[in-house]
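J.: Read top to bottom, the protein sequences are chains A and B. Note that the working numbering has the first sequence beginning at 1, numbered continuously upward. Note that the working numbering has the second sequence beginning at 1, numbered continuously upward.
Please keep in mind that the hints were generated in silico from the structure rather than gathered at the bench. Don't take every hint at face value.
[Claimed, not checked] EDC-like, lysine to aspartate or glutamate: derived pairs with alpha carbons at most 20 Å apart:
hint, chain 1, residue 1, chain 2, residue 2
1, B, K118, B, D52
2, B, K13, B, E182
3, A, K143, B, E286
4, B, K118, B, E184
5, A, K143, B, E285
6, B, K118, B, E182
7, A, K9, B, D131
8, A, K9, B, D123
9, A, K136, A, E230
10, B, K70, B, E42
11, B, K190, B, E7
12, A, K248, A, D231
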Amino acid sequence: MSLIRYLVKRTVTYLLTLFIVITITFFLFRLIPANPIAAFVGQLEAQGRYAEAEKAQQVIEEYKKMFGLDKDLFTQYVSFLRELLRGNLGPSLIGFPTPAQNLILERLPWTIGLLGISTFIAWTIGMLLGCILGWKRDTTYDKILTSTALIFSQIPYYLMAILLVLIFVYYIRILPSGGAYSPQLTPGLYWEFVKSVIEHGTLPALSLILSTGASWLISTRFLAVTFLAEDYLHFAEAKGIKGSRIIKRYILRNALLPQVTGLSINLSFMLGGQIVLETIFSYPGIGYLFSIAIGLLDYNVINGVLLLIIFTALTANFILDILYPLIDPRVRYHE
Amino acid sequence: MNNHAAELISRLKYYLRPLSYNTKLKVGIGIFTAIIILGALEPFINKIRLGDRSPDEIGLGGPYEIPSLKFPLGTCPWGRDIFGMLLLGTRLTLTIGLLSGIVATVIAVLLGFISAYKGGITDHVLRSFIDAFLVIPTWPIFVIIAAYVKILGIIEISLLLALFSWGGAARIVRAQVLSLKEREFVNLAKISGLRDLEIILYEILPNFAPYIIVSFTNTVMGSIFAETGLRLIGLGPPLLPTLGYLLNLTMSGGFITVRPYVVAIVSAMLILIFLSLNLINIGLEEEFNPRLKKVTGL
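The task is simple: from the sequences and hints, build the whole structure.
T.: Take a look at the structure:
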């Protein structure tokens, strides 16, 4: 009974938060002094002075209708919500008249690939090393690796990216500075293209892995040291259980749960970070699309990427909240 | 009252003691103070070097001038003085960081405090609010606002940053107050009939000072992090040449190909700022958070 109540309550909260955030972002755009669409239409209007006034006005009216600007604010809001439910974000300006959602979907695989692979590597290495260093605490290895990781984790990922670019692009010239693959190649499944993709993805991935991997290491090591102070682990050690078994069965297992939570909490931060990272490397994901769209006042694309990021972060948290009590018996479904 | 004053002084001494033996605190505070002094001296240094002209003035020198006595880091493609801009950027970045850090800390302490101390429905509402703020990716929203509101000055951008960076600190404050509230000395104070305000001022707040400083350094870092990221992708108020702006400037227009080491120097200044603030944070945690004492093991 309490389980159902919990599920219903959590689902309602999730949907409500999503709705409120979507509403806030919708009105936010309209509150900003420089309304992007108004600016675009204004531009057209200014151009109209040099064209036949009547025809120009016709074009402007067309655009206004297309962006739904000819109605009052509330009607715009309702039609925005209705179209959103159909998965329609409206036309983009960057690739006019391609709908914004098509542009975003085209770019999405790059972001998922880059963020997914590097997060997986960083998280796995950070977890494993953190557990081992926690077990080997106060040895020379631990001191050297932990202090290195501590410094790396304090350097913002974008500064890490810039340092890597300086080293591998401008001093040791072995890696390309931007893009996702060599422009001479046509995308396809052949070795030369795959190699190009890997080469282009190495630096953005490495900057993420170095900075986030280091912070996973630090937090896992902290958890491991805390676990090792528990009585049952003293007992396990006293019984003479091998170190590798203790790390695998006791420390890693216990650290798994809080670190999976950490992953979902960090998701909103990581998605936001893609904007800067992809822009530095001109990597054709949704982050780069977002900053191009902002520069060109492309309202529908900006809104689409923003909604996608918000939706992903909120949904990941929602799923975790639902699953958490199933994985961890200590947590029960109640307030 | 006198009793309280004496107690506060002894507590202050207790807080200042780690400064004499904690290396991380010493190094962190040392570096950060040096950077602040450098930033504070910027107007004088640039006045002596350049007279009444601003270092970010276009055409101050020729384009791409190599480093010389007059321009120690050379000039940018538009003839602006990079060394002077580095000092100016440091001053602006620090000012924005400290200013928004203060505002964000005040918000975080107030909300965290009220939430934990009052409990009940107030806590429930405030906690949901804080949690929502942490889960929702606020940085892209900040980017959008900062990109379109063109009239942002130093005060406006700091306030905007503060508005977006208090969440994490509020959660820490709330957790700490919750644990402090249950300690016996607070119960004793309640039994002896002290009013809420007195308990907060004389019993909780003094025990709480290190956490406020940690919240402060955290929000300062968060604000500088957000501002630099924003400027790095070429957005934000064009009239505020902060370090992030300088980084964007030196990375674009082919400048990085000609003089990559200038980009390295600008990045190094930012890394020093982040590193020193973090050292202060870790040092404070080690000294005042018993759970973390020496847990970093360094």
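J.: If a hint holds in the structure, say so; if it doesn't, say that too.
T.: Hint check:
Distance check on the hinted pair: B:K118 and B:D52 sit about 55 Å apart at the alpha-carbon level, beyond 20 Å; violated. Taking the CA atoms of B:K13 and B:E182, the gap is near 25 Å; set against the 20 Å cutoff, the hint is violated. A threshold of 20 Å between alpha carbons decides the hint, and for A:K143 with B:E286 the separation of about 16 Å falls inside it, so the pair holds. The suggested pairing of B:K118 with B:E184 holds, with an alpha-carbon distance near 18 Å, which does not exceed 20 Å.
Proximity of A:K143 to B:E285 is assessed by CA-CA distance (about 18 Å); at most 20 Å being required, the pair is judged to hold. As the CA atoms of B:K118 and B:E182 are separated by approximately 13 Å, the hinted pair is consistent with the 20 Å bound. Annotation: proposed proximity of A:K9 to B:D131 holds, straight-line Cα distance about 16 Å (limit 20 Å). For the hint pairing A:K9 with B:D123, the CA-to-CA distance comes to about 18 Å; that is within 20 Å, so the pair holds.
Proximity of A:K136 to A:E230 is assessed by CA-CA distance (about 16 Å); at most 20 Å being required, the pair is judged to hold. Pair hint B:K70 plus B:E42 holds up; C-alpha atoms about 16 Å apart against a cutoff of 20 Å. The suggested pairing of B:K190 with B:E7 holds, with an alpha-carbon distance near 19 Å, which does not exceed 20 Å. Our distance criterion of 20 Å between C-alpha atoms is met by A:K248 and A:D231, whose separation comes to about 18 Å.
Figure legend: structure checked against the earlier numbered hints; hints not met, in rising order: 1 and 2.
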